[in-house]
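Chains Z and V, in that order, are what the protein sequence lines are. Numbering that gives the first Met the number 0 puts the first sequence at residues 0 to 360. Numbering that gives the first Met the number 0 puts the second sequence at residues 0 to 393.
One or more hints might be untrue.
[As the list claims (entries may be wrong)] The following label-pair restraints were derived from C-beta to C-beta distances:
#1 Ser-268(Z) to Pro-196(V): 40 to 50 angstroms
#2 Gly-223(Z) to Asp-376(V): 53 to 63 angstroms
#3 Leu-97(Z) to Val-155(V): 16 to 26 angstroms
#4 Glu-142(V) to Glu-117(Z): 24 to 34 angstroms
#5 Ala-381(V) to Thr-351(Z): 56 to 66 angstroms
#6 Ser-227(V) to Asn-222(Z): 37 to 47 angstroms
#7 Ala-381(V) to Asn-222(Z): 33 to 43 angstroms
#8 Thr-351(Z) to Gly-306(V): 29 to 39 angstroms
#9 Val-155(V) to Glu-206(Z): 24 to 34 angstroms
#10 Gly-306(V) to Val-152(Z): 22 to 32 angstroms
#11 Gly-85(Z) to Pro-196(V): 37 to 47 angstroms
I should point out that these hints are in silico values taken from the structure, not numbers from a laboratory. All values reported here derive from a predicted model rather than from experimental measurement. Note that the Cβ used here is the ideal one computed from N, Cα and C, for glycine as well.
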Amino acid sequence: MTATVVEPDQTQRVRSGRHVERIGLGALLAAGVLVVLLGARVVTGPLAILVSALLFVTIVGFIVIAILGGPEARRQLAPYGLLKPGMLWLALFYLAPLFTLLKQSLSSLPSRFAVEAEFNWSFGNYADALTDFRGQFTRGFQYAGAATILCVVIGYPLAYVIAFRGGRWKNLLLGLVVVPFFTSYLIRTIAWQSLLADNGPIIDWIERAKLTGPMESLGIMDNGRLLDSAWAVIGGLTYNFLPFMILPIYVSLEKINPALVDAAKDLYSPSTRAFRRVVVPLSLPGVFAGTLLTFIPAAGDFINAEYLGNPNTTMIGNSIQDQFLVQSNTPLAAAMSFVLMAIITVAVLVYTKFMGTEELA
Amino acid sequence: MSRPSLTRRQLLMRAGAFGAAGLSLPALLGAGAISATSGKASPRTRPASRRPASGGGELYVENWPSYIDPSEDDLVGTVDRFMEATGIDLTYTEAFNDNNEYFALIQPILGRGETIDPDIIVPTGWMAGRLINLGWVDELPLEEIPNAANLRDDLVNPPWDPDGTFSLPWQTGFTGIAYNIDVTERELTSVDDLFDPAFEGKIGMLTEMRDTIGLILLSQGVDVSAISSFDEAAEAFAKLEQVKSDGQIRAFTGNDYLGDLESGNFAACIGWSGDVAQLTVDNPSIRFIIPESGGISWADTMVIPKGAENRTEAAAWMDFVYDPVQAAQLTAWVQYVSPVKGVQEEVAKIDPDLAENPLIFPTEETLAQVHGFANLDEDTEAEFDEAFASIVGA
Numbered sequence: 000m001t002a003t004v005v006e007p008d009q010t011q012r013v014r015s016g017r018h019v020e021r022i023g024l025g026a027l028l029a030a031g032v033l034v035v036l037l038g039a040r041v042v043t044g045p046l047a048i049l050v051s052a053l054l055f056v057t058i059v060g061f062i063v064i065a066i067l068g069g070p071e072a073r074r075q076l077a078p079y080g081l082l083k084p085g086m087l088w089l090a091l092f093y094l095a096p097l098f099t100l101l102k103q104s105l106s107s108l109p110s111r112f113a114v115e116a117e118f119n120w121s122f123g124n125y126a127d128a129l130t131d132f133r134g135q136f137t138r139g140f141q142y143a144g145a146a147t148i149l150c151v152v153i154g155y156p157l158a159y160v161i162a163f164r165g166g167r168w169k170n171l172l173l174g175l176v177v178v179p180f181f182t183s184y185l186i187r188t189i190a191w192q193s194l195l196a197d198n199g200p201i202i203d204w205i206e207r208a209k210l211t212g213p214m215e216s217l218g219i220m221d222n223g224r225l226l227d228s229a230w231a232v233i234g235g236l237t238y239n240f241l242p243f244m245i246l247p248i249y250v251s252l253e254k255i256n257p258a259l260v261d262a263a264k265d266l267y268s269p270s271t272r273a274f275r276r277v278v279v280p281l282s283l284p285g286v287f288a289g290t291l292l293t294f295i296p297a298a299g300d301f302i303n304a305e306y307l308g309n310p311n312t313t314m315i316g317n318s319i320q321d322q323f324l325v326q327s328n329t330p331l332a333a334a335m336s337f338v339l340m341a342i343i344t345v346a347v348l349v350y351t352k353f354m355g356t357e358e359l360a
Numbered sequence: 000m001s002r003p004s005l006t007r008r009q010l011l012m013r014a015g016a017f018g019a020a021g022l023s024l025p026a027l028l029g030a031g032a033i034s035a036t037s038g039k040a041s042p043r044t045r046p047a048s049r050r051p052a053s054g055g056g057e058l059y060v061e062n063w064p065s066y067i068d069p070s071e072d073d074l075v076g077t078v079d080r081f082m083e084a085t086g087i088d089l090t091y092t093e094a095f096n097d098n099n100e101y102f103a104l105i106q107p108i109l110g111r112g113e114t115i116d117p118d119i120i121v122p123t124g125w126m127a128g129r130l131i132n133l134g135w136v137d138e139l140p141l142e143e144i145p146n147a148a149n150l151r152d153d154l155v156n157p158p159w160d161p162d163g164t165f166s167l168p169w170q171t172g173f174t175g176i177a178y179n180i181d182v183t184e185r186e187l188t189s190v191d192d193l194f195d196p197a198f199e200g201k202i203g204m205l206t207e208m209r210d211t212i213g214l215i216l217l218s219q220g221v222d223v224s225a226i227s228s229f230d231e232a233a234e235a236f237a238k239l240e241q242v243k244s245d246g247q248i249r250a251f252t253g254n255d256y257l258g259d260l261e262s263g264n265f266a267a268c269i270g271w272s273g274d275v276a277q278l279t280v281d282n283p284s285i286r287f288i289i290p291e292s293g294g295i296s297w298a299d300t301m302v303i304p305k306g307a308e309n310r311t312e313a314a315a316w317m318d319f320v321y322d323p324v325q326a327a328q329l330t331a332w333v334q335y336v337s338p339v340k341g342v343q344e345e346v347a348k349i350d351p352d353l354a355e356n357p358l359i360f361p362t363e364e365t366l367a368q369v370h371g372f373a374n375l376d377e378d379t380e381a382e383f384d385e386a387f388a389s390i391v392g393a
């Protein structure tokens with residue numbers, strides 16, 4: 000008998016709980032959508048005032064329900080309330096601009112010097128972005144890929160030494176990795192211009208070491224110059240993004256208990272095998288994070304190609320910048336940005352599929 | 000002269016480096032910080048003026064970098080002399096980096112019928128022509144500029160402003176070939192020298208379409224002052240595309256070609272007479288020639304953007320710099336060809352050698368070698384720009 004009395008009471012509570020949760024979720028999503036509508040200027044004029052009022056209602060209404068609803072309702076509403084500032088931020092500063100960009104990429108300029116692009120589903124921008132800038136897209140990903148691989152090759156051993164052999168110098172060594180960040184990214188890149196210049200110190204050393212011939216035959220040097228070449232761009236990207244590779248790898252290596260390696264050795268595993276079977280798998284999350292932190296920004300970078308490249312080594316970032324700021328062709332530039340984003344997203348998804356993120360530290 | 004000239008060179012190189020930075024940075028990095036270093040202020044925001052207003056009104060002039068004599072040592076620069084003479088509170092900035100880039104900056108404002116803050120801007124002739132055609136500039140109050148009568152005869156009815164009512168040239172100059180003889184190890188004479196395989200990857204060209212394509216057109220025997228259709232220029236564009244793909248060209252640059260030319264990264268490049276005239280004084284390895292097939296002549300010209308507030312003050316400024324005595328001091332520093340009559344006599348009083356420099360006071364012979372680029376109609380210009388951007392643009 001007692002069970003039959005209690006049961007409806009419980010379902011009642013569960014039901015009202017779901018009800019409250021639905022209100023919380025609804026208010027959260029509604030606020031997000033309304034902010035996007037306002038931020039992307041989809042609604043203007045009197046409609047915008049109405050939408051603002053609705054937004055106000057969703058926020059204030061939520062608070063009112065939380066106050067009137069009693070402790071149980073408040074407990075259930077709390078997560079949505081806590082999510083709200085983040086949601087509003089994301090909606091206003093990410094979703095709304097993204098929507099604006101999307102709309103821009105499907106617009107066209109009615110005349111050559113027109114200020115406002117007209118939205119008219121012009122998918123031609125995407126066709127232009129893919130056909131006219133195929134070379135720049137390809138180069139952008141090639142250079143970013145090459146720089147990422149170089150970063151792993153240089154960064155992994157360095158992170159390994161700091162993590163396992165750093166001893167009391169660990170913090171100092173880590174500090175040295177970060178020190179270049181104290182100088183502006185741009186200044187560091189321009190500094191490479193002087194170092195690699197045709198009459199600069201590096202060419203001078205190469206010439207004195209009589210390495211010009213081998214360097215030319217390797218294709219690194221061309222007609223006596225290093226600067227303004229594809230290798231200079233890749234080198235610049237590698238240099239600039241190296242700390243983003245070293246730090247995550249270091250973090251994952253640092254967490255490995257050295258006793259695990261000792262255990263492998265106790266089981267008669269040679270050091271190389273212990274490294275391969277124990278250290279590498281455990282540090283993969285760091286490599287994964289590092290490659291993403293390096294590859295994604297490098298693929299859209301334009302500073303290195305601007306200062307260390309030549310007109311035949313421009314990357315997609317340079318093209319987007321040129322279309323936005325010099326040619327004033329915002330629809331095309333927006334379409335190019337979207338294509339770049341789409342390619343990176345797909346590449347990262349595929350990569351994640353193979354590397355797996357479950358173990359990502 | 001060597002002291003101001005040295006300073007100017009350093010300034011130019013700095014302006015080049017930071018100017019180029021300004022060109023590419025605003026999109027990703029803090030635009031504000033870069034604006035500060037390059038002196039490149041957005042035309043919407045008025046920088047803090049140098050001096051409190053002294054009752055003579057206000058004026059805001061936006062010009063190219065290193066295009067005016069600064070106050071240094073015992074020399075009083077044009078800006079300070081003007082403020083002293085008129086009591087007008089002048090804000091002078093150097094926001095121009097590239098015509099197209101500056102246009103992209105003001106287009107969203109003027110295109111909506113709003114006004115930009117500067118009272119005077121100084122685009123190159125063809126860009127002034129575009130602004131005039133778009134109706135984005137006001138007529139000059141010529142009745143308040145009596146010294147405008149000192150305008151050189153050949154500039155009275157320029158192709159970009161046939162009635163001469165909208166624009167008044169600031170400086171004029173020539174586009175030719177600059178080279179570093181330490182690197183080339185021989186004298187250059189023609190545009191074809193730029194395509195010498197020995198200089199592969201060591202040639203610079205300008206992002207200014209009329210200069211780069213203009214020189215190539217002239218070398219192909221095309222009269223740039225009469226060009227009217229894209230077909231006539233197709234061959235020149237094909238040539239440029241080819242040498243770019245071959246890796247002959249190291250960079251397409253703005254004013255920052257000077258640094259590369261001096262350091263030897265460029266064996267040769269397309270350059271502007273005033274810049275190189277100055278470099279040559281300090282560094283005899285740097286030479287400037289107008290190629291056998293001819294050079295381009297151009298003018299950067301003052302215009303008043305539509306709706307600018309301080310027309311009277313703008314007129315006072317134009318009148319001031321068109322006084323041959325004032326213009327001579329400007330010429331002695333910037334080393335370009337002054338658009339003002341009577342400057343040569345005044346410069347001779349400052350520096351007799353300078354008054355004999357054919358790149359600053361061109362002889363008949365020099366003038367016969369240079370050609371102005373024709374004023375293209377809008378559709379043709381669009382074709383030229385598009386073709387050029389597809390080669391030069393990133």
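_So, against the hints stated earlier in the document, which numbers end up violated here?_
Per hint list: 1, 2, 3, 4, 5, 8, 9, 10, 11 violated.
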